[in-house]
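If you're matching them up, the sequences are chains L and P in order. Quick note: the first sequence uses the numbering used here, first residue 1, plus one each step. Quick note: the second sequence uses the numbering used here, first residue 1001, plus one each step.
Since the hints were made in silico from the structure, they are not lab data. Glycine included, every Cβ here is placed at the ideal spot set by N, Cα and C. Be careful, since some hints might not be right.
Selected chain P positions facing chain L (Cβ under 10 angstroms, derived; list incomplete) [what the hints assert, rightly or not]:
{"#": "1", "residue": "Ile1053"}
{"#": "2", "residue": "His1106"}
{"#": "3", "residue": "Val1237"}
{"#": "4", "residue": "Phe1238"}
List of simulated lysine to any residue pairs, SDA-like, C-alpha gap at most 20 angstroms [as the list claims (entries may be wrong)]:
{"#": "5", "chain 1": "P", "residue 1": "Lys1139", "chain 2": "P", "residue 2": "Asp1172"}
{"#": "6", "chain 1": "P", "residue 1": "Lys1139", "chain 2": "L", "residue 2": "Val57"}
{"#": "7", "chain 1": "P", "residue 1": "Lys1139", "chain 2": "P", "residue 2": "Asp1129"}
{"#": "8", "chain 1": "P", "residue 1": "Lys1139", "chain 2": "L", "residue 2": "Arg108"}
{"#": "9", "chain 1": "P", "residue 1": "Lys1139", "chain 2": "P", "residue 2": "Ala1169"}
{"#": "10", "chain 1": "P", "residue 1": "Lys1139", "chain 2": "L", "residue 2": "Asn109"}
{"#": "11", "chain 1": "P", "residue 1": "Lys1139", "chain 2": "P", "residue 2": "Tyr1175"}
{"#": "12", "chain 1": "P", "residue 1": "Lys1139", "chain 2": "L", "residue 2": "Ser73"}
{"#": "13", "chain 1": "P", "residue 1": "Lys1139", "chain 2": "L", "residue 2": "Leu297"}
{"#": "14", "chain 1": "P", "residue 1": "Lys1139", "chain 2": "L", "residue 2": "Gly247"}
{"#": "15", "chain 1": "P", "residue 1": "Lys1139", "chain 2": "P", "residue 2": "Asn1086"}
{"#": "16", "chain 1": "P", "residue 1": "Lys1139", "chain 2": "P", "residue 2": "Gln1085"}
{"#": "17", "chain 1": "P", "residue 1": "Lys1139", "chain 2": "L", "residue 2": "Leu296"}
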Amino acid sequence: MEIEVPRPGLAGPSRALSVAYPWPRLAVAAAAVAVIGVVAAGLGAVNIPPGTVASIVADHIPWIETERAWPESWETIVWELRLPRVVLAGIVGAALAASGATYQGLFRNPLADPYLIGVAAGAGLGATVVLVSGGPVSYWGISILPIAAFAGAIGAVAIAYAIARRSGGIPLTTLVLAGVAVASIAGAMTSLLMIRANPDVRPLLGWLLGGFVGARWLTAGTILPYLAVGIAGMFLYSRILNVLQLGEEEAAQVGVDVERTKLVLVVLATLSTAAAVSVSGLIGFVGLVAPHAARLLWGHDHRTLLPMAMAMGAGFLILADLAARTVARPSELPVGVVTAFCGAPFFIYLLVRLGRHAR
Amino acid sequence: MTAALQLSGVSHAYRGVAALSEISLTVRRGEAVGIVGPNGAGKSTLLRIGSGILRGDEGAVLINGNDVRGMGPNERARIVAAVPQNPTVPDGFRALDVVLMGRNPHLRLLQWEGRRDFETALAAMSLTDTEQFADRPLKSLSGGERQRVFIARALAQEPEVLVLDEPTAHLDLRYQVEVMDTISRVRYERGLTVVCAMHDVTLAAQYFDRLVVLAGGRIRAAGTPAEVLRADLLSEVFGTEVVVMPHPMAGTPVALPIGTRPRTSASYDGRAVGKGEPR
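Modelling step: build the complete structure from the supplied sequences, incorporating the hints.
Structural data, given as C-alpha cells:
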C-alpha cells in the first residue's frame, strides 16, 4: 500500500513524524526542583547561603574538589540534618505524585489518589499492631514501624485486589469498592486495638500526621530501591496507560493485555506509595494535586505527565516541609497540615483558572 | 483459501443467560457481512467473540485459519481491528493521538511511535477524510467526525478484518451515509474483510454483500440482502409488521415498518386520536 502524503495546509507538510517529547521543559523542571532543594536546605534556625549549600553538596561528590570555606557546624547541619530531609521529602513527593498520576489514569478518574484502594488504612493498621503488641518498637536503633506499615499497606491492597478478582477480570469499580471496604475494616481494627490495648499512641499519631522529622540518609536509601522500581515501571507503562484512556474494551481491541496491565500498575503504584508512607506517614494532597495540576498545565499524555507531576510533587513537598519546620519555630507543624493548607487553594486556583481550557 | 473469520458452534451466556447459541458463520476474505437483528439479539456479543476480546463459553473462533485462543493480544490486533459501538472519548487527546493508539499492536512496550507509525496514522486519517482534524481535541468533533476518526484508528492497526458495531447509531442521515461510504471506501482501498452490526436493515442492504439475521442468539437467516430481507421474516424477527420494497435508486430491498398510525391523512378524522379535544 502506498503512503499518502498528507495534504499541505491543513495537516501540514512540515508535521513532525515523531513524538514531540518536551525535554527542555523536563530539564527546567528538574533544575527547579534542585534549586528549591538547595534553597530549602539553607533555611532554618541557622541560615546558610544557597551557594555554600551547593558547595557542601559538591564537596561530597568524590571527583569534585572544593575549597572548604565554611564552619564545620554548617557541614553537619546541611549534610547530616537538612539534606537527608530535603531529599526524602523530594523522593516521597515524587513517588506520591507518580502513583497518583498512575491511579488517576488507571481508574480514569481525576479524583483518585494513591491511597484510594487501601494503602493508608493498611499502613495504619500495620503500625498499630506493632505498637500494641507490647514488643519493642525498634531493634538496634532501627524502628520496625515502617516495615509493619509497609506490610500492612501491601496486605490491604492485596486483599482488595483478591476480593475484586472474580471470573478472571478485575472490574475497576469493584476494586475501588473493595478498597473502601478493606479500608473500613482496617480502620475499625485500628480503633479497636487502640481502645483495648490503650498504648502510648503518640508515636502512632506522629506517624499518622506524617512528616520528615529525624530523616537520615539511611531512610532515604532504604526506600529508594522500591521507589526506583515503581517509578521506572510506571514510566515504562505510560504509553499503554494512554491507550487505556480509550476504555478497557477498546484498549483490548488494540492489543493491550488489560488485566495484566491493571495488575502491574496497581503493584507498581502500591509499592511506591507503601514505601513512601512507611517512612513519612500519611501525607495527603500531594498525590492528588501534583498530577492533576500537571495535567491541567501540560496535558494528558502520561509520558510527559508522569515526570512533570513528579517534579511538582517533589518541589511542593520540599517547600511544604520547609514551611513545616520554619513557620512555627522552634516547634514543628505536621507536614500534612501544610500540604492541605497550601495544596487546596492552589488546586482551587487551577480548577477555576484553567479548568475551562481543559474541556 | 482459508476464511478470514470463522465461527463454529459458538455459544455464550452472561451469568447463566444465554446470549448466543451455536453460531456458525464463515466470512470469506474481502467479503462485507452485515449482522442485523433486534435489540438484544446478540449482535455485539457475536462481534466481541469474533474479534477475539471475549472468549465464548463454547465453540471455536478461527482468524485466518488460526485459533484465536492461541494468539497473543498484539498478534490478534494486527489482524482484526474493531470500532466499538459507543467509543469512549478520552479527555485531552487530539484526534491524531487517538489514531496513533491504533499503532499499539505494532509497538513494543518501550517503543514509542516513530516515523512509520505517524505516516500510517496520517494515511488512515486521509482515507477517512479526517486529517484536517488531526490536531483538534477529539472531544471537539461531532459524532460522525469522531466515528470516522475511530475508523481511522482501526485502520492504523493495518488489519485484514474490520469489525464495526453499529457505526451509524445516533447519527443523522448525512453522517450515516458519510460513515457508510467511508467504510465502503476503506474496504475497497485496503482489501478489507468487513463484519458490521447494523440496526438499520435498509442501510445494511445497501452496503453489504451478505446479511446475517440474528434473533434470540441464533442465526435465523443468512444470504444476499434480497434473499434475507423478506417481509415475513423481518416481521417475525422484529415483532412488528414490516413491508419490503425495492430501493428506487439502488434496487436493494428497503424495509419499512407499518406502525399503528392511520395510513393516509384522509383516514384521520380528528377524533380517533384526538379523543374529543375541542376544535
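Structure-based check of all given hints:
1. Satisfaction of the interface hint for Ile1053 of chain P is found here, the shortest Cβ-Cβ separation to chain L being roughly 4 angstroms, below the 10 angstroms cut-off.
2. Because the closest C-beta pair between His1106 of chain P and chain L is about 9 angstroms apart, less than 10 angstroms, the hint holds.
3. Given the 10 angstroms rule on beta carbons, the hint for Val1237 of chain P is violated: about 27 angstroms separates it from the nearest Cβ of chain L.
4. Because the closest C-beta pair between Phe1238 of chain P and chain L is about 27 angstroms apart, greater than 10 angstroms, the hint is violated.
5. For a cut-off of 20 angstroms, the pair hint linking Lys1139 of chain P to Asp1172 of chain P stands: about 18 angstroms separates their Cα positions.
6. With a CA separation close to 49 angstroms, the supplied pair Lys1139 of chain P and Val57 of chain L exceeds the 20 angstroms bound.
7. As the CA atoms of Lys1139 of chain P and Asp1129 of chain P are separated by approximately 17 angstroms, the hinted pair is consistent with the 20 angstroms bound.
8. Proximity of Lys1139 of chain P to Arg108 of chain L is assessed by CA-CA distance (about 16 angstroms); at most 20 angstroms being required, the pair is judged to hold.
9. Taken as a hint, the Lys1139 of chain P and Ala1169 of chain P pair is honoured in the structure, with Cα atoms around 18 angstroms apart against an allowance of 20 angstroms.
10. A threshold of 20 angstroms between alpha carbons decides the hint, and for Lys1139 of chain P with Asn109 of chain L the separation of about 17 angstroms falls inside it, so the pair holds.
11. Taking the CA atoms of Lys1139 of chain P and Tyr1175 of chain P, the gap is near 17 angstroms; set against the 20 angstroms cutoff, the hint holds.
12. At most 20 angstroms may separate the alpha-carbon atoms for a hinted pair to count; Lys1139 of chain P and Ser73 of chain L exceed this at roughly 59 angstroms.
13. For the hint pairing Lys1139 of chain P with Leu297 of chain L, the CA-to-CA distance comes to about 18 angstroms; that is within 20 angstroms, so the pair holds.
14. Between Lys1139 of chain P and Gly247 of chain L the alpha-carbon distance is near 15 angstroms, which keeps this suggested pair within the 20 angstroms criterion.
15. The suggested pairing of Lys1139 of chain P with Asn1086 of chain P holds, with an alpha-carbon distance near 14 angstroms, which does not exceed 20 angstroms.
16. This hinted pair checks out: Lys1139 of chain P and Gln1085 of chain P have alpha carbons roughly 17 angstroms apart, not beyond 20 angstroms.
17. For the hint pairing Lys1139 of chain P with Leu296 of chain L, the CA-to-CA distance comes to about 16 angstroms; that is within 20 angstroms, so the pair holds.
Hints 3, 4, 6 and 12, counting from the list given before, are not met by this structure.
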